[in-house]
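Student: Fit chain Y to the supplied structure of chain H, relying on the hints for placement.
Take a look at the letters that make up each chain.
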Amino acid sequence: GAVVSQHPSWVICKSGTSVKIECRSLDFQATTMFWYRQFPKQSLMLMATSNEGSKATYEQGVEKDKFLINHASLTLSTLTVTSAHPEDSSFYICSAVYRGGEKLFFGSGTQLSVL
Amino acid sequence: GIQVEQSPPDLILQEGANSTLRCNFSDSVNNLQWFHQNPWGQLINLFYIPSGTKQNGRLSATTVATERYSLLYISSSQTTDSGVYFCAASRSYNTDKLIFGTGTRLQVFP
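First to last, the sequence lines map onto chains H and Y.
Per the working numbering, residue 9 is the first one in the first sequence, and the count goes up by one each step.
Per the working numbering, residue 3 is the first one in the second sequence, and the count goes up by one each step.
Hints were generated in silico from the structure; no laboratory data involved.
Just so you know, even glycine gets a beta-carbon here, dropped at the ideal spot from N, CA and C.
Don't take every hint at face value.
[Unchecked claim] Once the Cα atoms are required to be at most 25 Å apart in a straight line, the calculated SDA-like pairs of lysine to any residue come out as:
| hint | chain 1 | residue 1 | chain 2 | residue 2 |
| --- | --- | --- | --- | --- |
| 1 | Y | 99 | H | 57 |
| 2 | Y | 99 | Y | 14 |
| 3 | H | 111 | Y | 69 |
| 4 | Y | 99 | H | 32 |
| 5 | H | 49 | Y | 7 |
| 6 | Y | 99 | H | 97 |
| 7 | Y | 99 | H | 84 |
| 8 | H | 111 | Y | 43 |
[Said to hold, decoys possible] Selected chain Y positions facing chain H (Cβ under 8 Å, derived; list incomplete):
| hint | residue |
| --- | --- |
| 9 | 71 |
| 10 | 95 |
| 11 | 102 |
Isolated chain H (complex conformation):
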């Protein structure tokens, strides 16, 4: 159980375009979802916490106008990278937890390359 699906797995886009990444909990209702960013051979850095039906909480240094997060339902959260630039190229990973749960479950990640 506790499957989290993330799409797309990889995306290449031109500088200045926007990219949307979807994160779905397939077999449970995710009251909270998290978005992370990971650079090559580095650890995961939390970008934002997304609660269903409310605004996301962003970590210090993360531009909320750049990384738009929507958690419109208990099974879907989206991350939109607006006006992407090469420095936004990274591996983005979502995770989810069900109500009252202590364990974190991850999507398979999205490799974003901005040309």
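Tutor: Frame of chain H; chain Y shown alone:
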């Protein structure tokens, strides 16, 4: 915030060997988890272990909360164990503000 450090940073093993990975945290925690990230980037939750000992097949984990460390044991390692192992900790009982450690990169050769 909590600092989470892992050692060793890199580990190379031959198939069949045993290993111990360590996670040190700078403050008391109420949530500690171990994850395995495979070479394709997928993270799998191995253990939720804020204290005590748990075992799952060839893997086991022990957290000594009073001494602020956790250990992950891998016995009879297999090539499929390769990847990066992360521990993550938080003062919260839930998953809020889980801080990830620096990771241990494990390579298992046949």
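Student: Are the hints correct? Go through all of them and say.
Tutor: Hints versus structure:
1. Distance restraint check for residue 99 of chain Y and residue 57 of chain H: the Cα-Cα separation of roughly 9 Å lies within the 25 Å cut-off, and the hinted pair is therefore satisfied.
2. Between the alpha carbons of residue 99 of chain Y and residue 14 of chain Y the distance comes to roughly 31 Å, so the proposed pair goes past 25 Å and is violated.
3. The straight-line distance between the Cα atoms of residue 111 of chain H and residue 69 of chain Y is roughly 23 Å, inside the 25 Å bound, and the hint therefore holds.
4. About 21 Å separates the Cα atoms of residue 99 of chain Y and residue 32 of chain H, which keeps this hinted pair within 25 Å; it holds.
5. Restraint check for residue 49 of chain H and residue 7 of chain Y: satisfied, since their Cα atoms lie roughly 15 Å apart, inside the 25 Å limit.
6. For the hint pairing residue 99 of chain Y with residue 97 of chain H, the CA-to-CA distance comes to about 24 Å; that is within 25 Å, so the pair holds.
7. Our distance criterion of 25 Å between C-alpha atoms is met by residue 99 of chain Y and residue 84 of chain H, whose separation comes to about 20 Å.
8. Of the supplied pair hints, the one linking residue 111 of chain H and residue 43 of chain Y holds, its CA atoms being roughly 19 Å apart against a limit of 25 Å.
9. Here the hint on residue 71 of chain Y is broken, as its CB sits about 18 Å from the closest CB of chain H, past 8 Å.
10. This hint holds: residue 95 of chain Y has a C-beta 7 Å from the nearest C-beta of chain H, less than the 8 Å allowed.
11. At its closest, the beta carbon of residue 102 of chain Y sits 5 Å from a beta carbon of chain H; the interface hint therefore holds under the 8 Å criterion.
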